[in-house]
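Participant: The lines below spell out each chain.
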Amino acid sequence: MADILQLAVAGLATGGIYALVAIGFVLLWQTSQTINFAQGEFVMLPAFFVLAAMKFGGLSFPLAMLAGLAVALVVLGLLFKRAVVDPVLRHGVLPLVISTIALAIFFKEGVKEFYAADAQPFPALWATTNISVGGAAVSVQNLVIIAVTVVAVAGLQYFLAGTRTGRRMQATAQNPVLARALGIAVERMILYTFLINAALVALASFLVSPIYLAKFTNGETLGLVAFIAAIVGGFNQVRGAIVGGLLLGVIDNFVAAYLSAQYRAAIPLFLLIAVILFRPQGLLGRVEERTV
Amino acid sequence: MTLRRNLRVAVAIAAVALAVAAPFGLKPYGIYLLSLWAVMTIAAIGLNLTLGYAGQISLAQASFVGIGAYAAALLTTQGWPLWSAFVLAIALCFVIGWLLGYPALRVQHHYLAFVTLSFSTLVFLILRNEEWLTKGVYGITGIPRPTVLGWSTKAPVDFYFFCLGVLVAVAVATWGLIRSPWGRAFTALRENPIRAASLGVDTRRYTLMAFAIGSALGGIAGVLYAPLVQFIEPTAFALGLSLNLLLMVIVGGGGYFFGPFLGAAVAVLLPEWLRFSEGLYLILYAVFVMVLMAVCPSGLLGLAERLRKPAAKPAPDVRASGSSSR
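Chains as they are written, first to last, in my numbering: chain A, 228 to 519; chain B, 3 to 328.
Some clues are possibly wrong.
Said to hold, decoys possible - Simulated restraints on C-beta separations:
no. : chain 1 : residue 1 : chain 2 : residue 2 : range
1   : A       : I358      : B       : L107      : 32 to 42 Å
2   : A       : S487      : B       : A199      : 41 to 51 Å
3   : A       : Q508      : B       : R308      : 33 to 43 Å
4   : B       : L107      : A       : R394      : 32 to 42 Å
What the hints assert, rightly or not - Heads up, simulated SDA-like pairs for lysine to any residue below, C-alpha to C-alpha not over 20 Å straight-line:
no. : chain 1 : residue 1 : chain 2 : residue 2
5   : A       : K339      : B       : F278
6   : A       : K339      : B       : R277
7   : B       : K137      : A       : K339
8   : A       : K339      : B       : L243
9   : A       : K339      : B       : P273
10  : B       : K137      : A       : K442
11  : A       : K442      : B       : T237
12  : A       : K339      : B       : F290
13  : A       : K442      : B       : G242
14  : A       : K442      : B       : F278
15  : A       : K339      : B       : E280
16  : A       : K442      : B       : L241
17  : B       : K311      : B       : V289
18  : A       : K339      : B       : V297
19  : A       : K339      : B       : K311
20  : A       : K339      : B       : V289
21  : A       : K442      : B       : K311
Stated by the list, open to error - Computed, partial: chain B to chain A, Cβ under 8 Å:
no. : residue
22  : L101
23  : P105
24  : R108
25  : V109
26  : F116
27  : T123
28  : V291
29  : M295
Just so you know, the hints here were simulated from the structure itself, not pulled from any lab data. Yeah, the Cβ is synthetic: ideal placement off N, Cα and C, and Gly gets one too.
Here chain A stands alone, though its shape is the one from the complex:
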């Protein structure tokens, strides 16, 4: 019983991070049909912004995090949209896939070449101790991750459903043409989703880097798992991304403990294939109407 509680907490923490990354993925897709193959690298990078701000800028850790967030918003939000997505999007989905693959290589090799090739320690947000809950040793860090994720997701949901700007963004996602006719600044709403995505990946980066250390290869599996989480949950729903992320995190931890640590990475893949073959719209997704 204690084991199960321990694994569930660890799984929800991992799943929370997957969910943050997957939500960004889904938002970009909804508002601008952007598929970001560099999403994993987007999570890897902000940690290095923070480390660089501490090392070269001499900032304290909290200030460096703010600086890292700001740089992430500019580079992964604004610049990503203006310099990479906008010029390519008119050519269709595939060139954008290729372009973001190239961007992933660019970030990865850039960090390796100009910062460090080996794993860098990253300060923890919170004490790295365990507390005992009913005989189970639960890591405080995992609890913090879960709490931060819940707050972030709740805040985002409130923003999307409860504020005027959020509603405008939803309208843009549902029908850009009609939204424009209603006087919504569609371009600006799309930019907002890019900024939200940048903030989400930065948050995920700050949460995950103390555990796995900051390394240039960190994005490889994260991006893939986040995308699988989005598909499994339902690609056109923010809710889907949350459910998919949590599900994958929990399954991942239980499989590693009880079935096979060697093949734990294969489980999301089987889940992906099963969902695509039997329920392509995802567990919570709606069937997307497609015009020919």
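We have chain A already, so just place chain B on it with the hints.
Facilitator: Frame of chain A, contents of chain B only:
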């Protein structure tokens, strides 16, 4: 038209002459790179069939190179001749490629990209974890180079000519394939699957076929790769190589016959010629790809075509597959 055809034949002959003359005067490492170029070109030709002609994106080509390489390594180190590895690799990759095509019947584009990506991760895990068969992370060493009809290909130059011979055979066969009704059906599938189906093209069969044949060519490349490097381990066939092959096809020009030749040269030979460090070259290469996608998604050959006859009809371009279903 005949002028263009003559020009093409002349270019092809010149290219073959250059490829034959190239290794003389090079050090063994230079010859190794040329051989690697020939091997990667074969794999990229296979991917170009799947992606460039039939419009089905695949991020799993490296897995088929891996399957081919392991087939060759396991058979030849047990004393079997290399041709048996060719037979096994082609058969295996054809069947697995056919099966991988099934998801492509249901999903397209980015979904398919991630499905094939998952598949390649799966193959990597198997190669790494099934130590009884693949020796896992220790890899397989001492892979012998073949003797073909009494001609030993042990020396780098000889093995290069062996690779070049296989490349020419593959190129000629592919050329024949894309000129045949099958090739036309692949292109129809890329341009507009629904119209193709309404014209009586069995889109289901041709989608699977595009995957199967493209994968089999990846297997052939793998069978050559193992005796070329003489030591193989799983990470060589991980995602990195798949992405590399994908970029080769796109950079050269997806859907152009000579695209893979050019793309493989840019990826394999150019970094050595420019003498950049690997990381720096990859950074510049990535920027180049992003600019290329913004300016001309049909690749270098598409760009050349556009420069030669501006304002003509747009070049055949892979993304045509992207416009139809959204």
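Participant: Hints broken by the structure, by number, lowest first?
Facilitator: When the structure is compared with the hints, numbers 1, 7, 10, 14, 17, 18, 19, 21 and 22 turn out to be violated.
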